[in-house]
Amino acid sequence: MTRLIHLFLVFSLLSVLAVGGGTAVLPEMQHMTVHTFHWLTDAQFRNIYSLGQVAPGPNMLMVLVIGYKLAGWAGMVVVGIGFFLPDCIITLFVNRWWVHLGGWPWRTSIQRGLAPVAIGLMTSGTYAIARLSIINVQTLAIGVVVFAILLWRHVNPGVLVLVGGAVYLLLR
Amino acid sequence: MREEGWLDDEGFLGAMEISETLPGLNAVNMAIIMGDNLRGLAGAAVSVIGMLLPGSIVVMVLGILYQSNHDNPDVKRFLLGIAAAAVGLLSAVTLQIGRRQFRQLPDIAIIALTFLAVSFLKLPLFAVLLGMGPISVWLYRPHISKPRAEDEHLPFHRGERHHLFRH
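Just so you know, the protein sequences line up as chains A and B, in that order.
My numbering numbers the first residue of the first sequence as 8 and each following residue consecutively.
My numbering numbers the first residue of the second sequence as -8 and each following residue consecutively.
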């Protein structure tokens, strides 16, 4: 029970702090689940993150697997509600309010001001996954090639990521 | 959306603006806004469930398979390769979303400071947001902003969409 409460509190906090989306909270999520609560090892966190990359839809759905691993089906439900519901409620309220803020000059200031913060956080999220996964020349090459391909042209990112996994598997 | 006649481009971009600024996954926020605008609370609920349910089922199937195979060296290698590929993907997405911000001061400074604070100083996220958020918003406070193209600084400008936007 204590664990369920902790899971709920941690993931609802992450939900509210997720300015810039899922990638932006990855460092904090890793810190809390690995270092603060010792729920997962770095490798487990990385592997579960990879599962999210393979599934369709938002890759942050991987939080459900974290919940399931730690507290079974109840853990999955608690983490799912904690991570998604607060943001949904905030968005619902702000959406209904947004039109009334149209003439408010700070609305644009907030949008402009939060954008670089969100991008800085996304950079940190990318760096956090890089620290866990770029461990040798092969993994570095996979990351660089995927990056170059995506800048070059439109390829389905899900397929590309799967190919990355398959290539590393075959490189042994 | 356009094909179904649910939303025009203006409505889509307006929803995008809100989704980007608020916390939460952009795709989920978009689903809430579009559902709410079309059918109110019920519409928002249905569209979020529609967005999350299929992926939830797949990720849980994978999660359960992972639980019983997590010691398999091939599984470990495969997942490590995926994570390495994801780094390339996340880098491309971050660069794409931030393509305006990465080109101009003071945004570059804000990005760099935020990154340092989280990744090297290891400050808690709430502290970084409470610190950098107000500073950055203050830099763009209304009375100093010169008249500019209306959406010049927004991460999603009113122009062509990029294929990476789903992240």
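What the hints contain is simulated information worked out from the structure, not anything from laboratory work.
This one's a predicted model, so the numbers in the text were calculated from it and none came from an experiment.
It is possible that part of the hints are untrue.
[Said to hold, decoys possible] Between beta-carbon pairs, the in silico distance windows are:
| no. | chain 1 | residue 1 | chain 2 | residue 2 | range |
| --- | --- | --- | --- | --- | --- |
| 1 | B | Ala33 | A | His45 | 15 to 23 Å |
| 2 | B | Val52 | A | Pro112 | 45 to 53 Å |
| 3 | B | Leu112 | A | Gly110 | 37 to 45 Å |
Beta carbons: idealized from backbone N, C-alpha and C, even for Gly.
Going down the list of hints, with the structure as the test:
1. B:Ala33 to A:His45: 15 to 23 Å: violated (41 Å)
2. B:Val52 to A:Pro112: 45 to 53 Å: holds (49 Å)
3. B:Leu112 to A:Gly110: 37 to 45 Å: Because 39 Å falls inside the window, the suggested range holds.
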